[in-house]
Amino acid sequence: MTTTVGIRTKDGVVLAADKRASKGFFVGSKVVQKIFALDDATAVAIAGQMSDAEYLVSLAKAERRLLTLRRGFPLSVRESARLISSIVYNGMKSYNPFFVELVVAGVDREGAHVYTNDMSGAVTSEDFMSSGSGSPIAYGVLEQGYRQEIALDDARKLAESAVRAAMERDPGSGNGVDVLVVPNHRFNAEVN
Amino acid sequence: MAAEMQRMPFFYNPEGRLVQVDYALQAVSRGSTTLGLKAKDFALLSSQVRPTRALLEPAEKVFVVDEHVGATGSGYIGDVNTLVDEVRVAAQRHRLVYETRIDVGTLSRVLSQHLHSFTLYAVRPFGASVILAGLDELGLQLVQVDPSGTPFRGSGFAIGQNADEALEVVRQGYRPDMTLDEALALTTRAIEGANGGSSQIEHGVVRRETGKFERLALAAAS
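Same order as they appear, the protein sequences are chains A and B. Per our numbering, the very first residue in the first sequence carries number 1; after that it's consecutive. Per our numbering, the very first residue in the second sequence carries number 1; after that it's consecutive.
For reference, chain B alone in the conformation it holds in the complex (with noise of 0.2 Å):
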């Protein structure tokens, strides 16, 4: 029985998990600390941009998925990449087709659905978890997507390294009707109290009032 599992390792094992998605999410658990915060007119993504060396760029954390929707997440870069394609594809096929702004539910339903996918064969799982902030006629969305391809709705999410720590954080001070510059100024907070000391951090955010995704100009660490 053992020698059987050890030969099939992407089956449950016998206490009826699936090893690689666990294996899949310790992956993300070691990715930066990256925040999704959803308040009464905005959704914010702040993301930790990992310390980078001399003469080298830092990564792009945050990415407008389409005008109205963005993303961001931790865990594998390349994977992030990916994911983030996946959902860019999805929306501008949307367009094609309806000529309107996709949905931010039907953005993580696609999402899902491929991470899923990966879940079930001989593959290796996507290292790799994706938080998703936009506007539509359904109001603010703030969407987690876990690498099972578990959908999360909720107004505040933390992935990535000590996520637990920084979640803490910005549970304790959050309010619905909490300011952008006191958002970011929160997760900012909680990104760097993660890591225990000041970070490059990327935000994004989607305003109520405008509809629209934009990545904020990367600040400097302090």
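This is chain A alone, in the form it adopts within the complex (with noise of 0.2 Å):
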């Protein structure tokens, strides 16, 4: 269930998705947060089981913290994308898989990022994404409205266009649209 969308622009990166939770044919909850910001600069939006999906994020989390704190300079967004998907990776290969598709999105040093991990641990950069059942619906919009000098606000509301047009359409997406802006100074204002 689920639509979420990255965009990638020369600004920045978007990140939006929608807020139904689906318990089968049953709207679980109308209110699930799918946008997890890792930290100032890097953030990701979920779709598949939840609790998979948040424990995935928690443990990113403590993990990049760990990292940052060791080495003493934050990851790149590549990085974050390339741990999750080895998480992720290793739990499918132990027979235990996460059921997630995750958009890793954000910027750093070298700029703006939008990274895609399924549950096999594959990873994949795109200048735009869409996960979740009401992925095929969102990328209709954006393959229509996504240029590649699209300007950072025009690309917001791309994105929450695309996660609207979604909802009205697949069941399991829907309860309205939250969306997350990291522009590229972001990353300035973090530790390095």
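Hints are computed from structural coordinates only; laboratory data are not their basis. Cβ coordinates follow ideal geometry from the N, Cα and C atoms, glycine included. You can trust all of the hints, since none of them are fake.
Going by beta-carbon spacing under 10 Å, a handful of chain B positions derived as facing chain A:
{"id": "1", "residue": "Arg109"}
{"id": "2", "residue": "Asp136"}
{"id": "3", "residue": "Glu137"}
{"id": "4", "residue": "Leu138"}
Just some of the chain A residues that point at chain B, by a computed CB distance under 10 Å:
{"id": "5", "residue": "Leu67"}
{"id": "6", "residue": "Gly72"}
{"id": "7", "residue": "Arg78"}
{"id": "8", "residue": "Ser80"}
{"id": "9", "residue": "Ser85"}
{"id": "10", "residue": "Ser86"}
Could you use the hints to bring the two separately framed chains together as a complex?
Right under this line is the structure:
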């Protein structure tokens, strides 16, 4: 279930997600948060099994904090995506898979990045992407509206309308949209 | 009391020292003279290759840990080799999880923890000190780790035989803006001075501009 969207622009990244948690054919919750900040400059949007995804986010937060404290500088977005992927991959290979599909997005010293992690541990880097049951519908909007030079604010509007379109036709998505914008300068606001 | 101490030489002695660690440091100070030096644009490792005899190939003394980090050591060469392998594995494990180069601080911590674990139990601590040189997000790094597991960061280190004399030569000739050729001449002079004559020396350098650690060709004793 769920629809999540991530868009990369030259000025930052945007994450958007709906707020519905489904229990089969029942709307289990109408106010679920599906976007989580790993820190000031990196965030993930989750789809799939809520418990798996939330645990994975907590685990990734802990591992990132440890590594940052130990080595003295934060992880790049790519490192964060690879970290999550190796946890998920190890889960799959030990017959305890995480039933999740994540969008890892953020800004680092190289700029803005959007990565996706699926439950097999595969990582891809995209200009824009969507996951969850509503993603085919969201992709229709994204493919129409995305441009290479899109402004961050336009990307925010595009992400929101993509999720809204999916909510109209996908029964697994609905009850409003959460949007998170991470502009490039957020990275400088960090320790480094 | 004294008899008890005899039976447990791996515990603190009455002065509060770990004598096994002291002996390990002693073993290092019998090793070949080995230097680490960090300047503005590079970090250099230089190690004396012990005089060999005819028909014997000189031992490798400077090691590539990963493309951006190198190591050298002094003491029992078998111990040095084992420790170098430990950090090489750590570097590759990091690449496996994060797909990035490991930072030198994390590598030195791996080394420290490994060495420290051998000071806790009734085992022989490693008779080797290791110097790491590398380039990471925080810049050029030079770290020395001794058999107790203590890491030292700095711009100049000397371990092995007559290390104090060698370090004094380096200290007097050191400038942060020195060129690689000047640094090579300085560490060569320091090692040869400490050993009273010409020596075969192996060098390795990591340059800020390339970010790569490379071993330099072994120069024959002049």
